[in-house]
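**Q** Each chain, letter by letter, is given below.
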Amino acid sequence: MKAFSRILLTGGGTAGHVNPALAIGRALGDERTAYLYVGVRGRAEAEVVPREGIPIQFVRASAYPGARPSLAWLGFLFNLLAGTIRALVIVRSFTPEIIVGTGGYASAPTMLAAAILRRMGLLPAKVYVHEQNAAPGKLNLLVGRLADRVFVSFPDTLAAFPENGTMAGYPLRRRIQKGDRDAARAALDFRVPPGRQVVFAFGGSQGARTINRALVDALGVLLPHKDRLFIIHGTGMRRGDGAPDPGADVQARLAQRYTEDQRRAIESFYVSRPFFHDIETAYAVTDLVVVRGGAGTLSEVAALGLPAIVVPKINLPGEHQVMNARALAAAGGAAVLYEETRNEDGQVVEVLDGALLADTILALAEDPDRLSRMGAANKAFGTADALEVIRRSIAGDEPSPGLPFPPPPQAEPAGGRLFSDNALLYALEHRRAASLPAGVARPGQPRAEDRPYYISRAASLLARRNWEARNLGVKLLGLLEGKEKLPLVIALLEDRRPAPWFKRLFGGDFEQVGFIRRNAMTAIARFGAVTPEVEDALAAALADPYYEVRAEACRTITALDRHLGDEGRARLIAGLTALLHDRWLEVAAAAAEALGHVGGEFDARPALLALAEHKYWLVRAAGLRGLHALVERGRAGNLDTLEQAARGFALTATDFQPEFTIRTSYGRLIRAIGARRSAA
Amino acid sequence: MIHLIGHLLEGGYRAWSFLRLLDYLSVRAIGAALSAFILVLIVMPPFMWYLHRRGLVDQMRETGVPSSFDKAGTPAMGGAVMVGALLAACLVWCDLASGYVWAVVSATLWFAGIGLSDDVAKWRSRSGNRGMSEARKLLLQGAFAALFAALLASPWTPLPAREASTLYVPFVKQALSSSWWIYLPVVFGFVVLVGNAVNITDGLDGLAIVPSAFAVSTLGIFAWIMGNAIWSKYLFFPLLPGVGELVVVCAAFVGAAVGFLWFNAYPAQVFMGDAGSLAIGGFLATVSVLVKQEALFLILGGLFIVEAVTSQVQDKIGIKWLGRRLFYRAPLHHQLQHTGLAETKVVIRLWIVSLILALASIATVKLR
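In the order they appear, the protein sequences are chains A and B.
Heads up: the first sequence begins at 1 in the working numbering, then just goes up one per residue.
Heads up: the second sequence begins at 1 in the working numbering, then just goes up one per residue.
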């Protein structure tokens, strides 16, 4: 197969785009090939490409700012225009035989320029695109349509490029092979003491703040095991665009979390570097990696057969990192930990619990059998040779198997599809078909394995600015019974920032609106656990300005009565008794019922009997149910006098329950048929 | 039609002179009411069976076991029969040369059409929620309101020129304003508001139909006064020649409404559906405008207005914007049910309220 003599490569922003471009470029050329790389100044390609001995030229470009019109759009359009004009000149003067773009916004100007030149008949080159992610970016979707062929890494992605897509996989650089451990140990610029288990944590070329911070936090938990562990930490390079330096962030957090002595002890089993240009040497000494869920990183990890803890970035288009991580976990090669977004002092940040990370590292490190099983599973997972597919396809330019026929049916992703927030809400609310209108099928339910992910995503919603999203988050947390997020739910209830004045004018109260507080109460009832914080929250909610929160607090007390301590009950009784005279009868009724569940002969009984002539029969009925609960609990006191007193209840009511007896007859018939049928 | 035939025959032969009776509004009104009532009684039972066979058997089959405690699965679209009977009675008993009649008839048909397509969309999707979108309904209603306002401002308006743009309020003899700039927006907003208000009120058996009948009867009284030279002069109302024809239309409505109530009384065998409730809304709105009683309708149709306002306040201000409920439930009749009133009790109490409002509106005739 002939090698190409002039190859133009483009793609970047992150190393996840640059490395495939270089790998494909190397596979298509030989030592006499003239290469040119086009990228964006200050990003990963500026760092990586010159080291490969490939000349690089820069154009302007910036990331797609999202569908919403904003100021960023102006900058985006200007950069795209200026970058494309510059790229026209670069492409025209280099006269490549083929052009390979690997996506990322850095490739957009070059690809657009190539498309324009080809349309004008000024460029005979072939144009190829490689899409690494399961869900293609907006620019790659556009550029892909203009290319001769689009190579994709996941079968699902073919649907986005029905005309010219080819399933290839993720192209790994040729050099990625597990090297010799001892040689690698010698090649490193730091000493890894022999006999240690080595954990290599890194968040890609830019670093991942979630992993960096969680790892620093985890060091404290790992400290007692410093004689058998060694942590290598790739913090990530500083970006050119004024973003904070990840290395400095790590140092600052170390200094803030640990004392001088602790830091000295940490240094004996921990080393950090911004970036590993020879990542193979680091991989070679590693027993366990902690990584993000990018397709490139996971493909490398899989090809090397390294066991992995994956912390996918959530809320990305198509949740592609989560999908990648789940695929690897389903194969048995990875443990997945989910980050969540929090609102810390007005800044939205992603957070992963350091203790959770430490516990996961320790659990895996203590189980060498499991580690080797995971490694083997990963090795088996990543066998396809994407480069070979790409090279053959380009050399012969043969149509991929099956095309131009329709693309193969979309494969179900490993582990099934993910639910959107609203679909998840619907599925969980209708776990039992009884809650659905007649004739509507029960929705499919989320898998138990995905529960941690959904809980993280629901918790992330609590950091959002619009209250509808926060409300959805708290509802989902309750339905998922995400008890581990109880502190976040309580924080919502404790957040008493007032709503803007114009909302208060119409009856608004707090930033965390009434529905959020009510649903936080419901969630706490579902969690089914009582802590001192929960008792505080319940007591505060009984005095909430919004009636539904007060009523829901009463119902939550009823639901949790078994878990309440004596002291907790005593605290709540006073609040409940006061609510028996609430202006909102729904509250009074809920309070009466709750009182029967937590009170006794001396407090609840007289208060409930005093409802005998309450104006609303709903409250009188609730009083009777409360007394019933007292009797059932054996806390009603003298039963003779209670029976006497209960006679004083006014039993007239303004409502009744109709029964359409023909429907009852029909229902009996249908049930009888069902019973006979299942017996036969 | 009978009006026309009567005229032709009467003119030709002396023997037919008793047909002069057909000139009397009272005779034609009673005839219209009775014939609409009887027509509904005759047509509704086969129509309900038709609805049952076409629309609801499927649902019942999928349902398996229906609840013994609710009425889900009751045929809707009964309003179509009511509207049909109303139109038939109008065609037979009204003076078809009257612009007033055609304005009201076209409003009723237009709104019934919107409601019918909504009912059919709900039936197709087998869900009470997925009918026509709210925006689309409003757009179609707004289109009619605009056309209607344009008609009033055009040379083809049935109203006399000097009264075409006047706005009257209760208790005041003179017109409050006669500026088109004020009147047209008022008419537009009024038609859209009232057009929807009955739809929102229609949630319990008999709740929409009886107050509508009270309101239409009252408007009929106003139409009779303002179309009558003596009475309008005596009561200081502007004379609107020919508006008396609306008495016949209102009577036909009341007849059809009572016929519908025959089947809709608790527990209902048939619901009016949007086809009925939107049509009633369009009817009430146009009649009120044509007898110059837009402002009075705030009292006369106070029940409908409160139902519409509570529903919008709860939903748009409370639930969507503030993130809380401002009432237990909305609209008003659900609020009352939530506080522990049975459906029958809510309905009868609101009938009483609407009757009192109708009487109060009639009282404003003299209190001016």
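Among the clues, some could well be false.
With a Cα cut of at most 25 Å, we get these calculated DSS-like pairs of lysine-lysine [to be verified]:
| id | chain 1 | residue 1 | chain 2 | residue 2 |
| --- | --- | --- | --- | --- |
| 1 | B | Lys366 | A | Lys615 |
| 2 | A | Lys503 | B | Lys320 |
| 3 | A | Lys178 | A | Lys379 |
| 4 | B | Lys122 | B | Lys320 |
| 5 | B | Lys122 | B | Lys345 |
| 6 | B | Lys122 | A | Lys503 |
| 7 | B | Lys366 | B | Lys233 |
| 8 | A | Lys126 | A | Lys2 |
| 9 | B | Lys316 | B | Lys233 |
These aren't lab readings, by the way, just hints derived from the structure by calculation.
Computed from a predicted structure; not experimentally measured.
**Q** Which numbered hints are broken by the structure, listed smallest first?
**A** 1, 5, 6 and 9
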